[in-house]
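A.B. asks: Start from the sequences, fold in the hints, and give me the full structure.
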Amino acid sequence: MIKLKNVWKTYSGNVHALKRVTLHIKPGEFVSLVGQSGTGKTTLAKIIIAEERATQGRVIIGGWDITDIKRGDIPVLRRQIGVIFQDFKLLPRKTVFENVAFALAVAGAEQKKITTIVPQVLRIVGLEKKSARYPDELSGGEQQRVSIARSLVHRPKILIADEPTGNLDAINVQGITELLLKINSFGTTIVLVTHNPDVVNGLKKRVVTLDHGEVVSDQQIGRYMI
Amino acid sequence: MIFVSFYRASTFALQNFWRNLWLSLVTILILTLTLYSISIVLTLNYVTDQAIRIVKEKVDVDIFFDLGVPEKQIIEAQTFLKNMSEVKEVQYISADQALENFRTEHADDADIQAALAELDENPLQDSLIVKAHQVESYTTILSRLDQSEFAEIIESKDFDDSQEVIDTISSASNTITRAGYVLSGIFIFIAVVVVFNTVRLAIYAQSKEIGIMRLVGATNWFIRSPFLLEAILYGCIAALIVLGLLFFSVQTAAPYLNNFFAGYEFDLMAFFRAQYLTVFLAELAIAVLLSIVSSMIAIGRYLRA
Ligand SMILES: Nc1ncnc2c1ncn2[C@@H]1O[C@H](COP(=O)(O)OP(=O)(O)OP(=O)(O)O)[C@@H](O)[C@H]1O
Ligand SMILES: [Mg+2]
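The listed protein sequences correspond, in order, to chains A and B.
FYI, in the numbering used here the residues of the first sequence are 1 to 226.
FYI, in the numbering used here the residues of the second sequence are 1 to 305.
Treat the hints loosely; a few may be bogus.
Okay, the calculated bits of chain B under chain A, using three or more residues with CB under 8 angstroms as the criterion [unchecked claim]:
| # | stretch |
| --- | --- |
| 1 | 4-18 |
| 2 | 201-214 |
Derived pair list, reagent style DMTMM-like, types lysine to aspartate or glutamate, alpha-carbon separation capped at 25 angstroms [as the list claims (entries may be wrong)]:
| # | chain 1 | residue 1 | chain 2 | residue 2 |
| --- | --- | --- | --- | --- |
| 3 | B | 88 | B | 136 |
| 4 | B | 208 | A | 142 |
| 5 | A | 94 | B | 209 |
| 6 | A | 70 | B | 209 |
Cβ pair distances, simulated, as ranges [stated by the list, open to error]:
| # | chain 1 | residue 1 | chain 2 | residue 2 | range |
| --- | --- | --- | --- | --- | --- |
| 7 | A | 15 | B | 14 | 43 to 51 angstroms |
| 8 | A | 15 | B | 221 | 32 to 40 angstroms |
| 9 | B | 6 | A | 91 | 19 to 27 angstroms |
| 10 | B | 204 | A | 169 | 32 to 40 angstroms |
| 11 | B | 6 | A | 62 | 27 to 35 angstroms |
| 12 | B | 221 | A | 51 | 16 to 24 angstroms |
| 13 | B | 26 | A | 169 | 44 to 52 angstroms |
| 14 | A | 76 | B | 178 | 52 to 60 angstroms |
| 15 | B | 6 | A | 76 | 17 to 25 angstroms |
| 16 | B | 14 | A | 62 | 35 to 43 angstroms |
| 17 | B | 193 | A | 22 | 46 to 54 angstroms |
| 18 | B | 285 | A | 119 | 41 to 49 angstroms |
| 19 | A | 51 | B | 204 | 16 to 24 angstroms |
| 20 | B | 45 | A | 91 | 48 to 56 angstroms |
Rather than coming from a laboratory, the hints here were simulated on the basis of the structure.
All residues carry an ideal CB built from backbone N, CA and C; glycine is no exception.
C.D. replies: Okay, structure coming up:
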């Protein structure tokens, strides 16, 4: 599903954020990406969603070589990959429903499609009763659920989560992790970037460790070890 | 799907419009001023062109013949003149006809009527009124006539040379238009800068939304279209306002102008009424073009980043 072949990313000023990264992630896998701060995890996620381009190497998503993706094709890619972030990226002046509907609206979906899909994904994340609330009327964990719901509207084959639990307390971390597992059980490939040893160790899934931009360990049932 | 997207983009555009109402109003104001100054320049151009056309049309030469010249010779002279390519028309006015015209023209003037009644013979001469296609040709026509056999039966020529009037109008009009173009140019420049800034501010205010739109897979066109629509909306409103302003300006100025052009085929208001759709479309085209160009620059700069 995700293939990186000898990927390098060099930012201006000769910062090598990624060095000779080769990684194969199969459909339906759940991969945790760990490593110290500044070691290139976010950069890797950005390359997968074509927000950054690899300086060298090839990037293939679902059989589609996006290394030299055309600007006009990026939206098509983005609709196949869900992304969630530590800071949720919700629109404060839109309700939960509208925030989720937004992702469908920008893709030009019909109103009918919106009114069927949005409640569905809200039910998956357990927020169907709070669809009329505004983000600041929700807890951090609930806000992250909204952003997960939004990432699901296009039924993505891949979900990239960059430190989704970074701002949450233990209970909510647990909840979000379970939600990700649930989504993974539907067949969605998940890449989870995290600093949280408990999460990684509890998952008992594949763990890829980066250090200074390089893959230093890749274990099928891994543990957090830095 | 295109319809749905258009509807959503319009909603975003209207939201932007209201959110920065003051900025929107200033933008419309400056677009209005720009359009208005362009329109005034064009109208002035039209009016002076008409004035010159009318003055030129008024120019003719009256050729008076000696008393007692046989009509046959006058007709020959008429044919001679008519055969010149520069001549547009030659009208023969016999002495009797001239007297009759004079009488009817002064029908209300009792003194003149009394004086006319005293006359026992017609003091007026037979004449030809010559009109040329171009004002510049009269000298040629007259000198050719002087060298012809008809020179000796001609008593006098009355050439009312309006060249001076025409020159005055042209040079005044040139000065006014040039100043008008400069002024319009300045306004266009200001309008582009203002629209550019308004759209850029709207984009900054929305930068979070735009970032999220891109993350969830919005196309650049989807992101761009609300801002473009917003700019087009400014253009449409400005064009409507200018149409109203022009209507009132023309209505105010029309009586004076029509007075000036009294007796000639010229009615600014009628022209405006007949052409208002064209005028509106032209205003709209200019306004929308201005808005689109400046907002495209603003959006392009942002989306390239
Ligand atoms: N736009 C950029 N320009 C220049 N350097 C950058 C840019 N983005 C990231 N970097 C550098 O690339 C390296 C990797 O950054 P990245 O954000 O991928 O780290 P990370 O593993 O996500 O860290 P964290 O765990 O703190 O989020 C860092 O040294 C960072 O300073
Ligand atoms: Mg990071």
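A.B. asks: If a hint holds in the structure, say so; if it does not, say that too.
C.D. replies: Evaluation of the provided hints:
no., hint, result
1, 4-18, "holds (count 3)"
2, 201-214, "holds (count 6)"
3, 88(B) x 136(B), "holds, 13 angstroms"
4, 208(B) x 142(A), "holds, 20 angstroms"
5, 94(A) x 209(B), "holds, 11 angstroms"
6, 70(A) x 209(B), "holds, 23 angstroms"
7, 15(A) x 14(B): 43 to 51 angstroms, "holds, 44 angstroms"
8, 15(A) x 221(B): 32 to 40 angstroms, "holds, 34 angstroms"
9, 6(B) x 91(A): 19 to 27 angstroms, "holds, 21 angstroms"
10, 204(B) x 169(A): 32 to 40 angstroms, "holds, 34 angstroms"
11, 6(B) x 62(A): 27 to 35 angstroms, "holds, 31 angstroms"
12, 221(B) x 51(A): 16 to 24 angstroms, "holds, 19 angstroms"
13, 26(B) x 169(A): 44 to 52 angstroms, "holds, 48 angstroms"
14, 76(A) x 178(B): 52 to 60 angstroms, "holds, 54 angstroms"
15, 6(B) x 76(A): 17 to 25 angstroms, "holds, 21 angstroms"
16, 14(B) x 62(A): 35 to 43 angstroms, "holds, 38 angstroms"
17, 193(B) x 22(A): 46 to 54 angstroms, "holds, 51 angstroms"
18, 285(B) x 119(A): 41 to 49 angstroms, "holds, 46 angstroms"
19, 51(A) x 204(B): 16 to 24 angstroms, "holds, 20 angstroms"
20, 45(B) x 91(A): 48 to 56 angstroms, "holds, 51 angstroms"
Consistency with the previously given hints is maintained throughout, with no hint failing.
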